[in-house]
Amino acid sequence: MSFQSYVIRRIGQVIVTYWAFLTILFVLFRVVPGDPVSMHVQDLGAEAREERIAELGLDQPLYVQYVEYLRQLARADLGQSMIYNESVWNIIVVKFWNTIILMAASLILAYAIGILGGALLAWYRGTAFEKGGIVLTLLARSSPEFWTGIVLLGVFVFWLGLFPVGGMRSIGSELATGVGRYLSWDFVYHAVLPALTGAIYFLGTPALLMRNSMLDVLNADFIEIKKAEGLHPWNVLYKHAVRNSILPLVTIAAIAVGMAIGGSVVIETVFNWPGMGRAMVDAVNNNDYQLAMAAFFLMGSVVILMNFVADLLYVYLDPRVTYE
Amino acid sequence: MTLLEITDLQTQFETSEGRVHAVDGVNLSLEANESLGIIGESGSGKTTIAKSIVRLLPDNGEIVDGEVRYDGDDITEYSDRQLRKQIRWNEIAVIPQNAMNGFDPVYTVGDQIVEVITAHTDTPNDEAMERAKSLFQTLGIDEDRVHDYPHQFSGGMAQRAMIALALALDPSLLIADEPTTALDVMIQDRILHRIQELQDELDTAMIFITHDMSVVSETCDKIAVVYGGRIVEFADTETIIKNPRHPYTLGLRNAFPSIMTDDQDLVSIPGTPPPLLEPDEGCRFAPRCPFAEERCWSETPQSEPYGDGNTIECHRADEHERIRPEASKSETWREQEEVIEADD
Amino acid sequence: MSNRQHEPASTTNSLADQVRRGWSTFTALFGNDRLGQIGLLLLLGFIFIGAFAPFLAPYDPGEMNRDDQGDILRLDGPSTDHLFGTTQLGRDVFSQVIVGTRVSLLVGVSAATMSVFIGTNVGLISGYKGGYVDDVLMRITDIAYALPFLPFVIVLVVILGADIMNIIIAIALIQWRSTARVVRSQVLSHKERPYVESAYAAGAGDLRVMYRHILPNVLPLVFLYAALAIAWAIIAEASIAFLGFGDPELHSWGQMIYDAYNVDAIRFAYWWVIPPGMSIVLLAMSVFFVGRTLEQITNPELRHRE
Amino acid sequence: MQPGDSNLNRRDFTKAATLAAGGAMVGLAGCAGGENGGNGIELEITVNNPSFDPFRYEYAQMVADSWEELGFAVEVNSMDWNAVVEEALIAQEYDTSVITWDGSPERIDPHTFLYDLFHSSNSVEGGRNEVNYDNPDYDDLAEEQARIFDDDERQEVVYECQKVLAEEQPRTPVANRTQIMPYNNERFSDPEVLIGESLLSFWNMIGVEPADGVEDLRFGYPEEVGSLNPLDYVGAHDRTAIRLIYDRLARIDQDGLPAPWAAEEIDILDEDGEVAVTIREGMTWHDGEDVTVEDVQFSFEFANEHSPIGSDWTDIIDEIEIVDDRELVFHLEEPFAPFVSNTLTQVNLIPMHVWEDVPDEIDEEPVDWDEPDHIGSGPFQLDYWELEEEMVMTAFDDHFEPPNVERLIKVPGSDMSSLVGFLEEEQIDMIGQTPEPNTIDRLEDEEFISFAEVDDHGFHHVNYQMEREPFDDVAVRRALARAIPKADIVDALLDGRGTVADSVIAEVNEFWHNPDVERLEYDLDAARAELEEAGYTWNGDGQIQYPE
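Residue numbers (our numbering), protein chains in the order written: chain A, 1 to 324; chain B, 1 to 344; chain C, 1 to 306; chain D, 1 to 548.
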């Protein structure tokens with residue numbers, strides 16, 4: 001099969017997956033108990049309640065709502081937030097980027113440390129360094145994000161007082177718009193601990209996988225040949241051993257992006273980070289279907305997209321892969 | 001002129017079971033443009049000899065004694081950097097057993113040739129690529145195939161590409177470790193001829209490591225027979241093929257179809273190669289040797305010179321004229337096999 | 001060095017052989033793996049605590065303990081009466097940690113069992129049947145991969161109610177996906193091997209070939225994934241509880257930290273936070289240690305040359 | 001021994017025990033309902049999960065334990081708050097439930113608590129009388145209190161209402177919590193609190209005294225404002241922000257009584273329902289235009305026509321008559337005593353020149369229009385609002401009572417714990433909610449933190465679904481009420497920071513609270529006696545039985 005027809009087939013599969021995902025999303029949020037106004041039942045009279053529900057279209061038959069929902073999405077319209085009474089897109093877009101930036105920082109940190117560390121673990125196989133490294137890695141992997149976050153908070157905030165308790169910027173400071181909000185020291189200062197928390201949690205997988213993969217590669221004949229060629233050892237390690245070992249990590253990294261986005265809610269809660277995960281949990285608690293669905297939808301989209309990208313990247317990076 | 005002179009080389013491995021004496025006092029010499037075959041069963045230490053020369057030993061291995069003189073210099077004394085800069089690939093190149101695995105699968109073959117050229121010389125990339133193409137031509141591969149990835153080559157072609165890689169820097173010595181075992185017989189033959197031709201053309205010395213007597217008989221000037229980490233017999237090819245003196249060499253000869261004596265039935269040497277852990281006194285081949293005497297069990301034989309620079313390490317070397325015909329018979333070895341089984 | 005247990009011995013697949021081989025593999029693996037031993041020991045410790053929790057816990061974990069004057073012992077630090085101190089409402093932290101062990105183990109084991117059961121069957125059928133069955137099952141797996149884990153579990157818990165069983169089901173509904181993919185690719189490679197052909201030749205039907213011949217050969221991998229699934233499930237449950245979607249009737253470790261966090265005690269009531277936190281980490285880690293040892297069955301290359 | 005101690009949270013333990021390794025998966029499903037399989041009268045307490053409000057969850061457990069001691073088979077059914085609302089409040093599918101009514105300023109007027117919650121006309125699905133209390137005599141009383149404009153006369157009827165409710169116990173009030181809110185005393189002094197809201201009150205936002213050089217009031221609240229739309233908002237918390245930007249004709253003052261605000265004078269012209277309002281002179285909108293009587297008339301009419309919540313309060317208005325350029329008269333359809341305290345204090349004044357022309361792209365309802373500039377006439381103007389980060393308002397200096405600070409920054413925390421952290425780091429100045437008891441203890445040690453302390457008139461209570469047996473029996477309700485350990489709940493769960501409630505009108509609401517209602521003190525023997533008298537018996541296992 002040619003690369004092109006492979007890509008086309010994959011796109012076809014992605015579309016099917018996507019449709020199923022959207023349908024599940026719809027069904028999930030229609031069977032959630034309560035409705036968007038139930039939170040405020042004591043503030044609204046029975047009449048006002050009915051009126052609002054009708055206004056939100058929730059009195060329509062399910063299939064009508066379903067068709068409307070798909071039509072909306074097709075128009076790239078995420079609908080109105082039922083609580084904020086504002087376009088969901090406006091609410092979510094900033095949070096989406098807040099989450100993406102934080103998780104990207106965490107993942108980049110995690111994969112940089114993980115790949116480097118994993119390579120070293122394999123390179124120094126059988127030493128005390130390796131053993132210690134593995135224990136540390138498994139420790140990091142065993143600590144839920146909220147626990148790591150709490151420990152970091154305890155040490156760096158409550159005890160040493162080095163970092164702020166949470167939030168994304170100092171309260172009342174000048175509000176920058178667009179990219180500007182991520183380009184200040186104040187932002188970095190606020191992002192250090194949450195990013196670190198994520199990085200610690202995520203780095204276990206790449207480190208261990210890299211180590212295993214490296215061990216395989218290091219046993220390969222060509223590594224010996226590259227050494228015999230008189231190439232610099234670092235060259236052998238990074239240009240050849242690491243480059244070959246990294247292949248299986250590509251898929252994992254893509255999946256990790258999805259996991260990170262989906263799991264961001266925990267870090268965002270601990271560090272009071274105004275991200276999408278928290279917005280989604282709040283929206284679920286408030287029964288703001290549209291907002292929760294949009295957050296869910298964006299997270300799922302990132303995951304589906306990343307899985308797709310991973311497949312293509314893998315084919316691109318490894319010349320041996322055939323398009324089966 | 002002597003290109004390579006190995007004296008009393010000892011290489012050992014540290015393992016959980018103890019110290020393995022993989023190479024245990026080896027002496028060898030090789031003239032420029034000469035080709036040497038090193039032959040032995042797997043586990044005999046023949047590959048370790050080759051790896052000791054370029055010092056490509058695993059982490060748990062080390063050269064504990066002896067010299068490897070290359071062009072007069074003892075390269076065991078070289079720092080890693082010196083060895084890397086001056087010896088590896090510049091002077092000594094290696095051809096691995098399975099060429100397909102010798103290439104990094106994620107780069108094109110051409111890129112890998114370019115890489116080694118630019119690592120050692122100041123050649124610009126495009127010139128290095130030209131060099132790679134001309135090497136491909138020399139080896140009879142379509143030069144456009146430098147842009148192909150290793151997995152796109154057939155086995156024989158990959159082996160030739162590997163040779164092209166080995167020749168990239170005009171080395172003075174090629175070490176080929178079982179270069180053709182992975183290939184089928186027809187291709188094996190063609191490649192061996194090609195190597196021989198190239199060696200003549202390029203004035204390169206060559207060490208050929210194999211377990212296959214017939215391979216070395218065609219390609220090499222001299223042959224060293226390795227057993228238990230020692231060279232038990234070293235002589236010119238003709239002597240080894242026609243008049244070997246060591247019972248092990250004689251046994252090896254029986255194990256392969258020979259062009260010269262095609263009516264023989266093939267028989268392998270019974271038993272297994274010795275463990276190389278802290279060897280005891282006595283000839284290491286004694287347990288498997290149909291001609292072992294009492295002293296073979298108690299005294300370690302020493303290397304004795306004979307003829308023109310040949311050596312032999314056997315207590316009964318003097319009796320070779322009598323032993324040789326005995327050893328040609330398959331019954332001799334079959335009987336020995338029964339003895340060994342009885343012992344177990 | 002590389003005695004590959006997972007290479008099928010085409011003749012011996014009887015149950016007794018499997019067990020015997022399994023046992024010798026077990027001793028060979030754990031015999032010289034210090035981390036594996038530590039993990040196993042820790043795990044057994046937790047299982048013991050979990051099994052005998054009601055006898056080991058000195059207090060009812062929900063009881064509000066009071067001092068001699070009848071005042072509630074709020075946020076009392078560690079003492080001889082209360083080893084790990086008390087909570088905001090005077091509840092004994094030590095007892096809660098003990099009882100919480102059971103919850104974590106239950107969640108870990110049940111969720112892992114369910115997810116591995118689903119995953120193995122999907123992978124087996126998908127890989128073995130191929131064709132459109134494979135297509136459909138793999139699309140379903142893709143969909144499971146497309147659902148963000150925590151949010152999905154949270155929504156499910158909101159729908160089904162915050163009961164521990166629902167949490168377990170929600171975790172399993174997502175977690176099976178990785179097992180399915182891995183088992184499928186293993187089955188694909190086993191399908192081509194000679195022993196499968198000879199099974200056909202001997203007249204075995206599809207089901208028999210799948211479950212009697214191929215399955216035993218992918219089992220080591222299944223066990224490995226089960227071990228990992230246990231750890232993930234434990235961490236997942238703790239995270240869900242921490243976010244406030246846990247089963248309020250149970251004193252799970254995540255729930256404890258949530259309670260402490262919620263009443264803003266995490267900054268000083270270390271005795272209330274560290275025991276459950278460390279318990280989660282240690283339990284998950286012990287499972288990872290064991291899993292790492294098991295991994296060597298599936299990939300002998302990883303074994304230490306010691 | 002403390003009441004209920006012996007089997008406190010026995011359920012927890014039983015459930016944990018059913019988790020025994022092997023049979024757990026099957027066992028759980030089966031055990032959930034089975035444990036109270038005795039043959040007593042079964043009843044269920046519906047309550048929210050602790051994540052929504054731990055206090056209610058915990059006291060539901062204490063109530064359950066106590067009721068079990070009495071001989072009932074009690075099951076606590078805790079669920080997501082949304083599910084509680086759907087089942088217990090809207091569908092009214094429950095036995096008993098643990099619910100809270102929050103104390104908003106408008107509810108200081110007894111009308112909501114006495115009429116909405118107990119009048120039989122509100123017992124429809126989704127109505128506020130979810131206990132289905134249906135007592136014609138009480139209905140008369142509740143209607144009567146709404147007709148009497150004279151406070152003292154009305155007080156008598158209000159007292160009578162409370163007396164009936166205390167005897168009949170359709171809901172058992174349990175406690176009013178004390179609101180203790182922390183603020184930074186180096187930056188602010190003299191907070192102006194209101195019952196039910198404490199620091200969150202309108203008066204505090206404009207009246208709290210900043211120290212020299214302090215310009216920003218940074219106010220933390222663990223929830224984000226949902227909407228600033230003056231016509232279409234739902235959350236109670238939304239109002240606390242909206243009322244700063246949009247003025248009302250009257251506001252509830254710090255004594256809990258309505259006082260003219262944008263109105264200079266409010267006169268009851270006629271007890272049958274004519275209210276004259278004179279607006280202040282010289283008021284302007286944030287965009288500089290004058291506030292006119294036409295604007296006021298427009299605000300009420302527009303709210304009545306388009307706003308789902310606005311129509312609730314304005315339906316009572318028959319006609320609004322403009323007398324001159326400062327005076328209007330509201331003609332009511334019938335006498336309605338809470339008109340000033342509930343209607344005039346809640347309808348936001350909006351500028352006619354802005355809202356007259358709701359843009360065309362708002363195709364459905366004009367209230368869906370998110371007016372971008374938020375032009376009101378209140379003491380604050382919206383500067384910017386970054387959702388879930390901060391909302392910044394600046395002082396409107398042309399206001400007749402401009403705030404003491406330059407800016408008000410509302411900070412929504414993800415939870416109390418992070419807000420407390422902000423307060424301690426001096427990143428915020430105040431928190432608009434009561435922290436946990438231990439946090440209060442800790443913050444009390446901080447020199448720079450003081451507390452504003454006031455009781456809430458909102459009340460925690462236990463509901464009985466009176467359409468179901470045995471809750472239709474007043475004896476049962478009274479017995480159950482006597483078996484609620486109110487004092488212990490306040491002591492154990494609130495660390496004493498609260499008041500035991502016996503009437504639906506809180507003690508702190510001094511003018512309306514009837515101090516002489518019957519008190520059903522915690523007394524299991526008295527409870528048993530009431531049941532016995534009504535014919536209930538106990539079997540050998542101590543399980544209660546219906547009368548023969």
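Calculated directly from the structure, the hints in this document are not laboratory data.
Warning: the hint list may mix true and false statements.
Once the Cα atoms are required to be at most 20 Å apart in a straight line, the calculated SDA-like pairs of lysine to any residue come out as [unchecked claim]:
(1) K239/A to N101/B
(2) K227/A to P270/B
(3) K227/A to Q86/B
(4) K227/A to E62/B
(5) K227/A to P58/B
(6) K239/A to E62/B
(7) K163/D to F448/D
Going down the list of hints, with the structure as the test:
1. K239/A to N101/B: Between K239/A and N101/B the Cα gap is close to 16 Å, so the pair holds against 20 Å.
2. K227/A to P270/B: Cα-Cα ~37 Å, so violated.
3. K227/A to Q86/B: 13 Å, holds
4. K227/A to E62/B: 16 Å, holds
5. K227/A to P58/B: 12 Å, holds
6. K239/A to E62/B: Roughly 26 Å separates the two Cα atoms, so the pair is violated.
7. K163/D to F448/D: Not OK: K163/D and F448/D at ~45 Å, beyond 20 Å, violated.
Violation of the numbered hints given earlier is confined to hints 2, 6 and 7; the remaining hints are satisfied by the structure.
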